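Student: Could you put the whole structure together from the sequences, leaning on the hints where they help?
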Amino acid sequence: MQGLLDFAEGPLFRLTFFIMVLGFARVFILAIWGAVDAYRKAGDKTIAWGTATRKTIGWLVPIRSVFTHKPFYSMFSILLHIGLILVPILLLAHVRLWETALGFGWLTLPKTWADLLTLATIVAGVAIIIGRIASSNLRFLSRKQDYLWPLLLIIPFVTGYICSNTAVTPATYQILMLMHVLSSELIFVLIPFTKIAHCVIMPLSQFIMLIAWRFPAHVDDDVCTTLNKKGMQI
Amino acid sequence: MRTEVITPEEHERAFAPTKKPEVTERQKLSVRYHVEDYDIADRPRRFLEAFAAILKHSNYRFALEHFIRMTTRCSKCAVECPIYQATDDPHDIPCHRSELLLNVYRRHFTLAGSLKGRLFGTGHLTNDKIEEMADSFWNCTACRRCTIECPAGIDHALITHLGRYILSEIGISPRALVVSVREQLEGTTGNTSAIPLPALIDTLEFLEEDMKEEKGIDIKFPLDVEGCDYMFIPAVSDFLIEAETLMGIAAVMKATGASWTIGTQYFDAINYGLFYNDRMLERIIRKLVAEAERLKAKNILIGECGHASRSAKYFVPTHCGGKNAIPALNIMEYTYEMLRKGKLKLNPNTITETVTYHDPCNIARQGWVVNQPRELIKAFCTNFVEMTPNREKGICCGGGGGTVSIDEIRTYRTTVGGKAKADQIRATGAKYVIAPCANCKKQIRELLEDQKIDCEMIGLHDLIYKAIIFDESNKSIDTENQKG
Ligand code: SF4
Ligand code: SF4
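Heads up: the sequence lines are chains A and B, in that order. In this text, residue positions in the first sequence follow the numbering used here: the first is 1, and each later residue adds one. In this text, residue positions in the second sequence follow the numbering used here: the first is 1, and each later residue adds one.
Since the hints were made in silico from the structure, they are not lab data. Note that the coordinates shown come from a computational prediction; the quantities given were computed from them, not determined experimentally. Glycine included, every Cβ here is placed at the ideal spot set by N, Cα and C.
Straight-line alpha carbon distances no greater than 16 Å define the calculated EDC-like cross-link-like pairs of lysine to aspartate or glutamate that follow:
1) LYS56/B / ASP222/A
2) LYS55/A / GLU392/B
3) LYS20/B / ASP37/B
4) LYS229/A / ASP39/B
5) LYS466/B / ASP210/B
6) LYS296/B / ASP224/B
7) LYS287/B / GLU186/B
8) LYS56/B / ASP37/A
9) LYS229/A / GLU49/B
10) LYS195/A / GLU65/B
11) LYS298/B / ASP229/B
12) LYS129/B / GLU99/B
13) LYS296/B / ASP229/B
14) LYS195/A / GLU99/B
15) LYS230/A / GLU186/B
16) LYS56/B / ASP221/A
17) LYS343/B / GLU472/B
Okay, the calculated beta carbon distance ranges per label pair:
18) VAL5/B / THR194/A: 32 to 40 Å
19) ALA25/A / ILE148/B: 27 to 35 Å
20) ASP221/A / ALA427/B: 48 to 56 Å
21) LEU151/A / PRO389/B: 33 to 41 Å
Tutor: Written out as structure tokens, the structure is:
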């Protein structure tokens with residue numbers, strides 16, 4: 001068991017993390033590349049960069065949305081996002097791991113705060129799933145992955161919390177820890193290839209929306225030629 | 001402001017079939033708008049071919065890639081969509097509407113999607129899916145309200161736009177729009193209302209006489225004057241039904257001593273291409289610019305029309321010269337500028353009844369023309385009330401995206417599409433609702449009638465015509481072109 005755990009925390013962790021970073025780089029570069037290419041082809045290159053930046057910042061700090069529609073859903077969603085970002089990066093035990101892997105660490109969250117945030121994340125995740133099931137609109141729109149993702153995302157939080165806060169037997173601890181590490185690694189591997197990739201490309205959304213409305217100068221001729229519609233009546 | 005869900009009876013009326021059963025059967029298409037007969041064989045294959053051709057020569061692909069990665073299905077957009085609010089049908093949730101097309105894209109144009117689809121033999125495009133898109137994309141008014149609340153930044157109006165474009169390439173688009181565009185680009189009159197030039201000249205002379213009688217001075221519609229500052233071009237239907245708007249604009253031009261003209265070779269700013277086909281959009285833009293170039297005009301001045309202004313402002317640079325393109329502006333920008341500079345005098349007490357203002361989506365959503373009309377209104381009206389929400393967040397009249405021109409869906413437009421707008425207007429208790437857009441004007445007029453709201457729809461320049469003051473300083477201004 002210990003050997004398995006060592007493997008999961010060591011080489012497997014490095015591999016999956018590497019896959020995630022590469023995957024992120026891929027989606028990010030593809031998105032930028034697509035946008036640059038579209039911009040290059042656009043007949044009109046005036047883009048309201050300022051407006052797009054303002055809207056992007058608005059969505060990165062989406063406080064406003066809590067006060068408009070779906071206040072609870074928005075609140076839990078924001079909470080879930082904060083937890084998902086902060087806990088893996090700032091938890092003391094994690095920073096130790098980073099230190100051994102990278103050779104340097106950074107500031108950590110005080111234990112009580114970290115625990116509270118972990119609990120809040122779990123609650124938010126569960127609330128989101130319940131919200132999805134309870135609302136007829138959301139049920140209608142949801143795919144399987146939309147229910148499974150929050151579930152998968154809170155597994156490392158639940159297992160991590162139990163391991164660091166309750167007295168369990170060493171054997172149980174090892175099993176939980178293994179679940180903790182493996183589920184996190186599964187998340188790493190899946191993130192860049194699923195909707196969770198939005199965590200890296202989301203800041204590009206507003207720009208992409210604007211550029212997408214900038215069409216190339218000569219669509220008529222080109223599309224006509226490809227579709228064999230040259231000279232055809234309307 | 002939320003609007004209430006329509007009653008089952010209203011629902012039935014709004015969605016009642018508008019076509020003879022045999023037509024639906026022959027065209028294998030159950031949608032509420034009329035479509036010209038088209039080749040029904042092999043629809044899915046031809047749809048995919050058109051889709052591929054469009055992707056190849058356009059900028060849509062990267063946006064679709066982004067959208068399929070981003071879509072989180074949070075349903076926040078539902079709250080913003082006036083259509084969904086009125087029908088309460090999950091099929092009208094913007095995210096679902098867009099998914100219809102994104103699904104086709106994912107399955108047929110991405111590697112993972114086509115592998116998965118082939119492996120399981122599922123998900124491919126079918127006739128039913130095409131029919132659902134043909135229906136859904138014309139329920140949406142392309143008002144872009146849903147983009148306000150989508151955290152993922154998905155632009156459903158762009159997807160509606162693309163979906164309609166692909167459909168039109170296989171022959172599925174509202175007959176009303178296709179027939180108009182055909183006349184505009186290939187017909188003898190060269191405009192969507194099929195007005196012959198002599199009739200236009202007659203109309204303008206008639207209006208000039210009217211103005212002479214009412215205002216006591218010569219106000220002209222200068223035709224074909226070369227080298228002017230502004231080539232004025234309204235939605236052509238204004239010449240038929242919005243005479244007051246045109247007289248108001250002519251009066252403003254006179255009072256401010258503008259150098260302006262109307263071209264006789266092409267006098268229709270309508271661009272239905274924006275609503276259903278990018279190729280038509282481009283052709284119409286090129287025609288517009290050709291006329292401006294013929295007249296050596298320095299600016300293209302679009303009349304009270306939202307979609308015409310948006311197409312000119314954003315697509316003249318796209319198709320005709322980028323940053324060197326002839327600038328296009330909306331008449332309200334011009335009139336406001338003149339007011340600000342003190343060149344235009346309006347009687348502040350012209351209208352004492354309550355007046356409200358409708359923001360046409362195509363000029364307001366991006367915050368382009370929102371303050372100018374308000375400042376103008378306040379200059380001649382003592383009792384202005386806002387609808388809520390307004391400006392960038394304004395609610396569509398319900399006839400956006402070209403749907404207003406589809407007469408057979410009037411009941412849908414005035415019970416579903418315009419439901420939220422009707423409630424908004426009613427809530428203001430206003431005597432006049434100002435709608436500075438040819439499309440919105442038609443829709444709101446029908447809306448007030450069908451919803452039995454005691455309010456009058458009017459154009460902005462119609463009221464400015466009443467408020468404008470000609471005194472010694474501007475009465476005698478005669479610009480070169482007005483002599484000519
Ligand atoms: S708001 Fe955006 S992500 Fe959410 S359901 Fe609507 S389109 Fe999808
Ligand atoms: S563009 Fe307007 S009508 Fe269409 S889905 Fe969005 S909010 Fe609804």
